[in-house]
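Colleague: Each chain, written out:
2 protein chains.
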Amino acid sequence: MASIEVLFLSKEDVDRVDLGLQEVMDAVEVGLRAHGEKDVVMPPKAHLALDYPEKIFNILPGYAGPIDACGVKVLGDFHGNYAHGVPSEISTLILMRTDTGAPYAIINSTAITWMRTGAVSAVGAKYLACRRPRVLANIGARGSSWYNVAMLDALFDFEEIRITSRRAESRRRFGEAMSERLGKAVRVEDNAADTVRDADIIIDASRLMEHEVLVPDAALRPGALLQPYGSVMSVDPTLPFRADKFIVDDWNQCAKAGYGQFAPLINAGELRREHLHAEIGEVVAGRKPGREREDERIVFWHKGYAISDIMVGHLVYEKARAQGIGTLLPYYEEPRDE
Amino acid sequence: MASIEVLFLSKEDVDRVDLGLQEVMDAVEVGLRAHGEKDVVMPPKAHLALDYPEKIFNILPGYAGPIDACGVKVLGDFHGNYAHGVPSEISTLILMRTDTGAPYAIINSTAITWMRTGAVSAVGAKYLACRRPRVLANIGARGSSWYNVAMLDALFDFEEIRITSRRAESRRRFGEAMSERLGKAVRVEDNAADTVRDADIIIDASRLMEHEVLVPDAALRPGALLQPYGSVMSVDPTLPFRADKFIVDDWNQCAKAGYGQFAPLINAGELRREHLHAEIGEVVAGRKPGREREDERIVFWHKGYAISDIMVGHLVYEKARAQGIGTLLPYYEEPRDE
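Chains as they are written, first to last, in our numbering: chain A, 6 to 343; chain B, 6 to 343.
Simulated from the structure, these hints should not be mistaken for laboratory data. Since we're looking at a predicted model, the values are computed, not measured. Among the hints, erroneous ones may be present.
One copy or two, it doesn't matter: identical chains are merged, so the pair holds either way.
Result set (DMTMM-like, lysine to aspartate or glutamate): computed pairs, CA atoms no more than 25 angstroms apart in a straight line [as the list claims (entries may be wrong)]:
id	residue 1	residue 2
1	LYS43	GLU59
2	LYS324	GLU339
3	LYS43	ASP56
4	LYS261	ASP56
5	LYS43	ASP199
6	LYS293	GLU279
7	LYS324	ASP203
8	LYS293	GLU275
9	LYS43	GLU181
10	LYS43	ASP342
11	LYS324	GLU10
12	LYS43	ASP20
Work out the full structure: start from the sequences and follow the hints.
Modeller: Shown next as structure tokens:
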């Protein structure tokens, strides 16, 4: 066989790729639909915990049928990284061919993770939000929150956007930058209660150390959509049972992970598959209904899965190749049958 | 924080690193001992199966205390790769820092996998073989078999070495090359029975499609050490129960993997923890005895684990840095707290 090469893309290479919000949402939607149509292989993500929840790695393997590609993302989630001046989540995605298993791309997927997470929030809302959501609330000012707000606003053009996060400096910075980006006011609140109250769409990307109710059941007005995806529970434990519909991205992964927003309820045996209305892919694929009434209160928990990373990573790879971005590296110059 | 860089090493870069057999065995032994002393974190390896057993990926995460480093190896095991002229096992190892989770090295670990597997065979035999093993038998002519034979012979200087493998061309090529390397005769057999009969140390790295007895219980003479690590069962199902000692590398991983040499017996509930004498790390750490009598028949099943990859990968990284080998890549030029 000829020499095997891989395309390496740094964080800045990915930034340089001319990538539109809509095409990222489209790629993620194709992945969600494939998941609903069982055109994927995806074992649950694995975890390597040095010090839970402050220092863990998440490892996300998968195969995405629509592009016939495999991938594994290795993501470090280190809460104290702000003290080092680096993002809490730094990750690398390896994409592999399905004929030989050889890699074809190795990508700093830090920004891809933010994008694909925002895109899942947005595509989820496309299927699950009320008809004309006017108010968006977002808890968190990390990378994915940027795409949550930007992509959701691209879909819905909100009348009001409220955000909050733990650290005053980062929420202020986020609010200013997003306001400039969107050309509209972004309200920065110093607490969760004022942020989420009676919003139409609530995205909760908080990162707590231990359970704390940031979004009480009472904050959800009829018709609200709540997407809580922090790694530690931030809602009332009654939420999945009181909501009209409880939707996840991949139940198998949610049930086996041991970590994540609703893990305590799952680990205790209280939250079970029977409480689930659907996986989001089933809704996108048209196999199960999404929102059926304007007054439903819907909870969509996305832990995040490999298929979204692979879909967006492959899109970035293709565009980088076409645009001449990145470093093409010899990976195996003279492979032979050994 | 300053720019984050990663060292990329291709297969040929790794070949260029001046690496001795003994230092690889030493690094692996440190890793095994750390495992025995619980100075590691190691969830079971994960699998992504496109078409079992012919096309699978193994994903091996871990933390190795002695070098304070994390790593994830992504290994494709594609049986039909010889038709593409590439090795069946192609893999990539990412090594990560424990302060921020950022990667510091991305390595084509194809050869590292061969080396560390051979080193586990050799270090295992150092603790488990009879006092003066004279005859080595090796089934398989893949990459790891090269290191099995070279490292074991470095330890024991055998009087007789026999090898076999499925394809005539590859076993002939292997026999000739190894004979030249060692400066002694290497007997190439066309069947397993003649290869393994009454050998002191038997390494079975076969890769079957379905269960077939290559090493019958009767082939094991008193005092023999058998290390079967193929992905499909190649021994009598009675073996773990009839052997005097049954040893594995990591029981948790063996029990949960669902794949591998003894997986059918574990999945059926027949082979259980109570049948285990020890994990090899406990033997290396001196917490449990290895061989206690010259006539014991010992079986050591190593599925292979992340700690060995991380130990050898980090050694390769350090030597490559010192020798100026590899490509230092910008991974994240201007990280900031996001």
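Colleague: Each hint needs a verdict: does it hold in this structure or not?
Modeller: Results of checking the hints against the structure:
For a Cα distance limit of 25 angstroms, the shortest separation of LYS43 from GLU59 across copies, 21 angstroms, qualifies, whereas the shortest one inside one copy, 34 angstroms, does not. In this assembly of identical chains, LYS324 and GLU339 lie within 25 angstroms of each other by CA distance solely across copies; the values are 22 angstroms between and 28 angstroms within a copy. For a Cα distance limit of 25 angstroms, the shortest separation of LYS43 from ASP56 across copies, 15 angstroms, qualifies, whereas the shortest one inside one copy, 35 angstroms, does not. Proximity of LYS261 and ASP56 under a CA criterion of 25 angstroms is satisfied in both settings, with 19 angstroms inside one chain copy and 23 angstroms between copies.
Within a single copy, LYS43 and ASP199 get their C-alpha atoms no closer than 41 angstroms, and across copies no closer than 47 angstroms, so neither meets the 25 angstroms cut-off. Taking the shortest Cα distances, LYS293 and GLU279 sit within 25 angstroms of each other inside one copy (15 angstroms), while across copies they are farther apart (47 angstroms). When the C-alpha separation of LYS324 and ASP203 is checked against a cutoff of 25 angstroms, the pair qualifies neither within a copy, at 41 angstroms, nor between copies, at 59 angstroms. Proximity of LYS293 to GLU275 under the C-alpha cut-off of 25 angstroms is restricted to the intra-copy arrangement: shortest distance 24 angstroms within a copy versus 41 angstroms between copies.
In the homo-oligomer, the alpha carbons of LYS43 and GLU181 never lie at most 25 angstroms apart, since the shortest distance is 42 angstroms inside one protomer and 48 angstroms across protomers. For the homomeric pair LYS43 and ASP342, neither the shortest alpha-carbon distance inside one copy (34 angstroms) nor that between copies (38 angstroms) is at most 25 angstroms. In the homo-oligomer, the alpha carbons of LYS324 and GLU10 lie at most 25 angstroms apart both inside one protomer (17 angstroms) and across protomers (23 angstroms), since each shortest distance falls under that limit. Proximity of LYS43 and ASP20 under a CA criterion of 25 angstroms is satisfied in neither setting, with 32 angstroms inside one chain copy and 41 angstroms between copies.
When each numbered hint is compared with the structure, violations occur for hints 5, 7, 9, 10 and 12.
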